[in-house]
Amino acid sequence: MPLYTIETTYHLPVYRHCTYEAASADEACDLAIEDEDWSCELPDHETAGQTFVTGIWRGRDAAYQGEPVAASGRFGQTVQRKAELFETLVRLLREPAQPMGLSRHDFDSWLLRALAAIAVADGIFRDANIVQPQEISAIHSSRGQARP
Numbered sequence: 002m003p004l005y006t007i008e009t010t011y012h013l014p015v016y017r018h019c020t021y022e023a024a025s026a027d028e029a030c031d032l033a034i035e036d037e038d039w040s041c042e043l044p045d046h047e048t049a050g051q052t053f054v055t056g057i058w059r060g061r062d063a064a065y066q067g068e069p070v071a072a073s074g075r076f077g078q079t080v081q082r083k084a085e086l087f088e089t090l091v092r093l094l095r096e097p098a099q100p101m102g103l104s105r106h107d108f109d110s111w112l113l114r115a116l117a118a119i120a121v122a123d124g125i126f127r128d129a130n131i132v133q134p135q136e137i138s139a140i141h142s143s144r145g146q147a148r149p
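Under this note's numbering, the first residue of the sequence shown carries the number 2, and numbering increases by one thereafter.
If you are wondering where the hints come from, they were derived from the structure by calculation, not from laboratory data.
Since this is a predicted model, take the numbers as computed values, not measurements.
Possibly wrong hints are sitting among the right ones.
What follows is a list of derived Cβ distance ranges for each label pair [unchecked claim]: (1) A115 x D27: 39 to 49 Å; (2) W111 x G67: 44 to 54 Å; (3) T20 x S73: 44 to 54 Å; (4) F126 x G102: 24 to 34 Å; (5) T52 x V91: 24 to 34 Å.
The beta carbon of each residue, even a glycine, is placed where N, CA and C say it ideally should be.
Between the sequences and the hints, there should be enough to build the whole structure, so can you do that?
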């Protein structure tokens with residue numbers, strides 16, 4: 002039976018609580034993102050990411066030395082797989098849309114929403130941190146309890 006050395010990884014988030022004086026919540030968020038002082042950081046073990054495969058090699062203790070082996074995409078990081086799917090879906094959305102049986106009114110309504118979604122996607126692609134306020138609330142409530 003062959004031997005394989007598998008490197009697995011998980012991401013451990015760290016967080017900090019800092020106070021910023023700003024004219025608006027958005028400005029305070031900008032200040033927090035730009036702040037490079039992480040001396041007060043705390044690990045967030047409760048929300049550690051999934052374990053995923055980052056390397057495979059043939060042989061015992063062969064990491065970075067043995068013959069690399071390709072793994073099925075299903076062992077990759079889910080967030081990366083979602084990002085790749087997101088990119089594919091945006092490309093499909095950009096294709097010239099055809100009403101395809103929709104009433105003109107329904108198509109026009111869809112087109113406005115599709116263009117808005119493309120604008121948000123473009124912002125994400127530019128790493129512009131476009132997040133809707135309800136998304137922040139959803140992120141906050143999905144964590145369950147507040148951190149200590």
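Checked hints:
1. A hinted range of 39 to 49 Å for the beta carbons of A115 and D27 is inconsistent with their spacing of about 26 Å.
2. Checked against the hint of 44 to 54 Å, the C-beta distance between W111 and G67 comes to roughly 52 Å, which is consistent with it.
3. Checked against the given bound of 44 to 54 Å, the beta carbons of T20 and S73, roughly 46 Å apart, stay inside it.
4. Under the hint 24 to 34 Å, the C-beta atoms of F126 and G102, about 31 Å apart, fit the expected range.
5. Evaluation of the 24 to 34 Å hint for T52 and V91 yields a pass: the beta carbon distance comes to about 28 Å.
The structure fails to meet hint 1 from the earlier list, while all remaining hints are met.
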